[in-house]
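Student: If you read the protein sequences in the order shown, they are chains S and F.
Here the first sequence is numbered in the numbering used here, starting from 1 and rising by one per residue.
Here the second sequence is numbered in the numbering used here, starting from 87 and rising by one per residue.
To be clear, the hints were calculated from the coordinates, so they are not data collected in a lab.
Where a beta carbon is used, it is the ideal one built from N, C-alpha and C, also for glycine.
A couple of the hints might just be wrong.
Stated by the list, open to error - Heads up, simulated BS3-like pairs for lysine-lysine below, C-alpha to C-alpha not over 25 angstroms straight-line:
id, chain 1, residue 1, chain 2, residue 2
1, F, Lys-273, S, Lys-43
2, S, Lys-52, F, Lys-217
3, S, Lys-61, S, Lys-86
4, F, Lys-217, F, Lys-236
5, F, Lys-208, S, Lys-52
What the hints assert, rightly or not - Some residues of chain S that are not near chain F, with every Cβ distance over 10 angstroms (derived):
id, residue
6, Gln-25
7, Thr-31
8, Thr-32
9, Gly-42
10, Ala-54
11, Val-59
12, Arg-71
13, Gly-78
14, Arg-79
15, Lys-86
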Amino acid sequence: MKYILSMMALLAVAAMPGEAFAVTQAEDIATTIMLRGQPCGGKTVSNISETKDAAGNTVIKATCPNGQRYRIDVSANGRVTVTPIK
Amino acid sequence: MMTITRWMEGLLWREIVAALALLLCMCLASPAMAGGKDERNDSPAVHAQAVGSVASVAPGKEKERSPEGGREGKVVKAHEAKVESAKKAKAETGQGAKAESVKETGSRSHFNMNVLIERLKKCNAIGVFTKLALRSDALDLVDEVHDWRKHRNHVTISEIRARFDGLLLKVLALLDNDPVLSRDISKAREDIWNSLLEVKA
Chain S
1 MKYILSMMAL LAVAAMPGEA FAVTQAEDIA TTIMLRGQPC GGKTVSNISE TKDAAGNTVI
61 KATCPNGQRY RIDVSANGRV TVTPIK
Chain F
87 MMTITRWMEG LLWREIVAAL ALLLCMCLAS PAMAGGKDER NDSPAVHAQA VGSVASVAPG
147 KEKERSPEGG REGKVVKAHE AKVESAKKAK AETGQGAKAE SVKETGSRSH FNMNVLIERL
207 KKCNAIGVFT KLALRSDALD LVDEVHDWRK HRNHVTISEI RARFDGLLLK VLALLDNDPV
267 LSRDISKARE DIWNSLLEVK A
């Protein structure tokens with residue numbers, strides 16, 4: 001009986017609609033870069049560095065799988081700009 | 087020998103009957119020759135299909151398919167059935183469109199932009215920076231609509247609509263891991279567009 005109940009519970013869990021899983025910061029930054037129309041060459045980035053100034057602006061630097069390093073500026077009011085670092 | 091000649095005669099007669107039936111069918115199928123009312127508005131495709139199907143059958147094959155002379159009646163009945171089914175389909179599509187429009191108006195009454203925005207904010211399928219990037223795009227679009235309303239830019243409404251569609255496409259592509267929210271946003275496309283036009287920036 002216990003076996004049947006446990007199997008039913010397992011089936012119920014398996015039949016539940018797929019819950020959206022959280023993305024990692026590397027994936028998030030890579031998606032942001034691509035969303036801004038910049039080539040990245042993959043779904044994750046590496047060598048992430050993040051700095052925040054007193055005004056609330058955030059600067060992120062990350063390297064894409066294609067070797068290109070990008071600077072992502074997030075202003076205090078939430079505007080995002082992506083610029084490639086030469 | 088006698089039997090062969092009789093058989094040949096029978097074959098000839100069958101060919102003649104089949105050809106006559108074919109001619110009669112063609113006359114009945116074309117409204118100009120039939121002298122009846124013009125059913126072009128009802129179903130021209132059905133007419134063309136019927137005529138085509140009748141014309142495409144070679145007399146030799148006709149003989150093989152229907153040796154009896156009753157083919158004429160069958161074709162006419164089939165044609166009438168086609169016309170009737172086309173009329174029914176037309177009526178049904180009309181009813182379906184009405185039902186859809188009613189359903190749409192019903193769904194519009196349930197539309198809430200703020201709820202959708204909150205769901206997007208809480209969604210785990212999109213990262214924080216991606217959400218901020220999308221928000222920037224949305225704010226740019228709102229500014230553009232505002233400028234268009236004030237005649238400050240030379241952008242047409244169709245161009246703004248194209249940008250809106252592009253932005254929505256981005257959001258839907260990013261919501262690949264949250265199909266429920268993706269479906270709801272996709273359903274509310276026109277409502278979101280209308281609310282965007284109503285925004286007073």
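Student: Could you run down the list of hints and mark each one as holding or not?
Tutor: Hint check:
no.: 1; hint: F:Lys-273 to S:Lys-43; in the structure: violated (28 angstroms)
no.: 2; hint: S:Lys-52 to F:Lys-217; in the structure: holds (19 angstroms)
no.: 3; hint: S:Lys-61 to S:Lys-86; in the structure: holds (12 angstroms)
no.: 4; hint: F:Lys-217 to F:Lys-236; in the structure: violated (29 angstroms)
no.: 5; hint: F:Lys-208 to S:Lys-52; in the structure: holds (24 angstroms)
no.: 6; hint: Gln-25; in the structure: violated (7 angstroms)
no.: 7; hint: Thr-31; in the structure: violated (5 angstroms)
no.: 8; hint: Thr-32; in the structure: violated (4 angstroms)
no.: 9; hint: Gly-42; in the structure: holds (15 angstroms)
no.: 10; hint: Ala-54; in the structure: holds (20 angstroms)
no.: 11; hint: Val-59; in the structure: holds (12 angstroms)
no.: 12; hint: Arg-71; in the structure: holds (13 angstroms)
no.: 13; hint: Gly-78; in the structure: violated (5 angstroms)
no.: 14; hint: Arg-79; in the structure: violated (5 angstroms)
no.: 15; hint: Lys-86; in the structure: holds (22 angstroms)
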